[in-house]
Amino acid sequence: MSEEYQPPDGYRGPLLQRLVEAKIRTWSVIQVNKTDGSHYEGVLLPRSIHTSDDYLSIKVDTGYNIGIQLPDDATIKEVGYNAGSYQIPEKIVEKTPGLPNVTLLGTGGTVASRLDYRTGAVLPAFTPSELFSAVPELIDICNLTPKTLYQILSENFCPEYWIKTAEAVAKEIEGGADGVIIGHGTDTMSYSGSALSYMFQDLPVPVVIVGSQRSSDRPSSDGPINMMNATTLAAYGDLAEVVVVMHGTTSDNYDLIHRATRVRKMHSARRDTFRTVSDTPLGQIKDKEIKYFKDDIRRRSPKEDFHLNTKMDERVTMLYFYPGMEPDVMHAVLDKGYHGIVMIGTGLGHVGKPMYEALDRAQEEEIPVVIVVQPMFGFSHLRVYETGRDMLARGVIEGKNMLPEAALPKLMWALGQTQDVKEVEKIMHTNLAGEITNREPYSGFPIFQGGVPNFYDNYKNIDRLKK
Amino acid sequence: MIDPKNIDYRKLGFKAGLEIHHQLKSSRKLFCHCPAELSADLQKNPDFTFHRRFRAVMGEMGDFDPGMLVEVEKGYLVIYHANDAHVCTYEMDDTPPFWLDMESVDTGYKLASLFNCESPAEEVVINRKQYLDGSITTGFQRTMIIARDGHVQLASGRKITITNILIEEDSARKIKVEDRGRTVYYNLDRLGVPLTEIITDHNEIDTPELLIEAIKMIALNLRLTGLGRRGIGVGRQDVNISIDGGDRAELKGVQDLSLMTKFCAHEVCRQHTLIDIQSQLASSNLKKEEFEHNYIDITHLFNDLGEGESAFAVRLPGFEEILKTEVQPGKDFGYEIFEKCNLITGVQYDEMFHSGEMSPGSIRMMNRSDDLFINKGQDGEIRAILKLEDGDGYVAARGSEKPVLHTLKKTVERCKQAFDGVPQETRRVLPNGNNEFLRVIHGKGRLYPDTDTPPAPYPMEKFQAIKEKGWTRPLDLLEKYQEKGLKLPMLELLIRDEKIPMFQKLVDEVKVPTSLAIRLTVEIPRWLRRKGYDPEIISQFSIISIAGNIMSGKLQAKHLRPMMKEICIAPKENQSSIVTKWVDQNNKKDEPGDVKDQWPDDGRCCK
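Protein chains in written order, with my numbering: chain R, 1 to 467; chain H, 1001 to 1607.
Bound-form chain R, shown alone:
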């Protein structure tokens, strides 16, 4: 008790008052006795903010946690102290001559996360080197240098972070890295990956974005295998693009390599959530073996020509059209001074007639409006129906088969290069990094691509569907 007394974390109101009076700390071993004969002993744990004020969280002798109340007539006293420290020992690894050098840049997300007492949910908290300690297999693959860029969940990314990430990657490449891995939360991977794709000019090495759908504090985490595969690709892949490497199936079997500008998170929770849309994945990695599915892959190249172009105009927004959408929504955007809009239209890319007046205003004010499609798969075609032609007449820019996640950072990047709408349109219509394809293969559609073997056969066997 020599250190200065600190009130226990996360407790509030009258309960905190009681704890302070009894000089109870976080990690105190406490005894509580109530008048009804119930009695409890355990370690007082920090309390999460979004839970009720009325309960103590304690860890009892069996290691389980329970919550208990502390009525006025109950007694509480400290009978010991038992602080936990959750930290994986950091591992310092010597470089092996001859092995490729790869840098792992950690940005947070579930690939590196753990329990947060404040909220009781998961928080990105592992440093990349802690993660490295948890996946020792990485040592044999390459000389991996882990560095922490940020510790944020991916929904908290913003264009400013894309730029900083691009600069950090460039620094590693110029410093001699044979490949760079970015540990990233899965939610906004495709936005970051697309933004980086436009910023890197003449990229010489693989830039691999990786994450996990089950946090690394779980024995079933997909993170370690994704990390091993990402490392293999970054070290040995003959590829010089920004790609996403994640589970190809729900099994711990192989990972798919997706071009960052063509990939989409298709399920909120599954491990095989990432799918290449309107194209086939670039390849797969299984047991340290890389197999390519396509030929039109940018290969490794000399580093001399590599440079960055990170000019971005962040004043770009995205609107999702719905039946009955009023033009005032778009007017509000224009009133706020946005410089560009990505509009996600129905079917081939349509918006309703009432929106025309807002499109007229955007055209007049030279604000580019880029149309992408809600069906996700396929191209925007504004010449098929009358509506589309009406829209084209109002100056909208067809987004071809760009995904919304690829179109938004691209419009920011385009506006960073020029303010001339015609020039912006030219950039938006140019395929910079695979975000536009001029043909769509048959295998670009099935969402179970690379999925479960014989899935369709099995599906036929489900009794319920036979009836």
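Derived CB-CB ranges, DEER-like:
1) R:M376 <-> H:R1182: 40 to 48 angstroms
2) H:N1045 <-> R:G80: 52 to 60 angstroms
3) R:E386 <-> H:S1027: 48 to 56 angstroms
4) R:G80 <-> H:E1509: 56 to 64 angstroms
5) H:T1183 <-> R:E326: 56 to 64 angstroms
6) R:G80 <-> H:S1359: 51 to 59 angstroms
7) H:I1232 <-> R:K23: 51 to 59 angstroms
8) R:M376 <-> H:P1457: 38 to 46 angstroms
9) H:K1484 <-> R:G80: 51 to 59 angstroms
10) H:K1288 <-> R:G37: 41 to 49 angstroms
11) R:K23 <-> H:D1244: 35 to 43 angstroms
12) R:Y81 <-> H:K1484: 55 to 63 angstroms
13) H:R1182 <-> R:G13: 53 to 61 angstroms
Quick caveat, the hints were computed from the structure, so don't treat them as lab data.
We put the beta carbon where it would ideally sit given N, CA and C, even for glycine.
Given chain R, work out where chain H should sit, using these hints.
Chain H only, in chain R's frame:
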């Protein structure tokens, strides 16, 4: 080894505790909306399969659980079979948990009141308990304490402390193992079914008989109150056993109560022997440090090894006799080590050998001499290569190099453990009454609060109301009907067959003697079932009518079986006419006898 048939349990300080797992009645699984029921056929072709591997992660207090690290050493590949009707993406660990099934939580508090728990959890916290054997796709079981400090009253007068009542999700069903146990198959239908775990004090039960009594009484409580699910495989128990100087061994899979005493006896033998070995080692000059992980390649001694196979041996100073020591009937200490190695590394028994096995009296020679892969000459050469001195032993293994070296590593570690007596282990019981290593006992380090689901406050007024409503427990019934001749074994049958309401109706309302009520509700229905008839067809009304006719002397005991058999095969609407027919026939032939002679009320009829 002491004689397993003649053990003075109290003198040896036998202590046992129970972990009783029983599925709860519920309409859905605990954390998703799949039906809480099993598919009819475990082996049925699955609608889909997938596979996973698991890793150890740290517990909340920042420790790796030693048990978990041993689990990872096994390096399982886990293959899951699933069908669409019973499995959703939750069981696949591909969707976070849905809000927990509050019906099951309510059942938990009912159990807490049934078993007199003093200290309820006022806010239920969902914990993760790591399991890396693949039986749970997440690698952890979601589990919560509902209440603590309860007890169950036994008929013999003893009161057994119940330390904890938990609600948790059941695990997946194992289908098979392949590839020397490295590949494990599970069916996912059972995963997530609500389960209670009822834990008794590990140091309280002091004889196997008391253990059996406690298991039976807890099961009877679950059945009588209808809180537990009924059916095959809905309940299972683990037994924790120790003796003075020993340590906790958790015996898994103790289903057959008729073998319980044998299981206890063989575990007591094992612990007694291990303690004996410990004291031998303490009084010798041997030190743990003398055991070196120095594995010597003896591949050149064999010409029958397969492609890529090798053989290695390790010296075990002073262990020649110890390896030969019988620890359980038909099993020596060397074999005890081999069981553990086999499970962890996959190396088979006939690929392992210890120095004591060449002698004619050894257990291997007596039971499985054709298993030996080493002959006398090779034994001599190995002894020379390892420079064995008097009293030294060795272990040799053959096969692929990696598992073989792993086997010798585990062997050396296990021999060092012998200096500390009985290791804390979870063990699997075998049909012959013995048991074998399954895993290092799981500690607190494998617990972690679940980050997917916030804690759920449970209103204590609700718990209070449950307590005030009270329960009719098996012993209440026994007490009530004891004077009328009801005995515990009969009560067990009545509860197991769910005949308590009918029994009470017959005894309380129709005023039939206990023995007749048992005959009508349990004995004859069971006889009919054995004969292939369905006694549940016989309506309550018919049973009461039969009972009434017996009481008034219009029917006799000898009529019951044929008449009830006839009712079973007749159309339902004819039941009363069949009774009338038998009454008429009886009245023509026989004089009515005195009912009291046939059905004494003092229980003499009830075996």
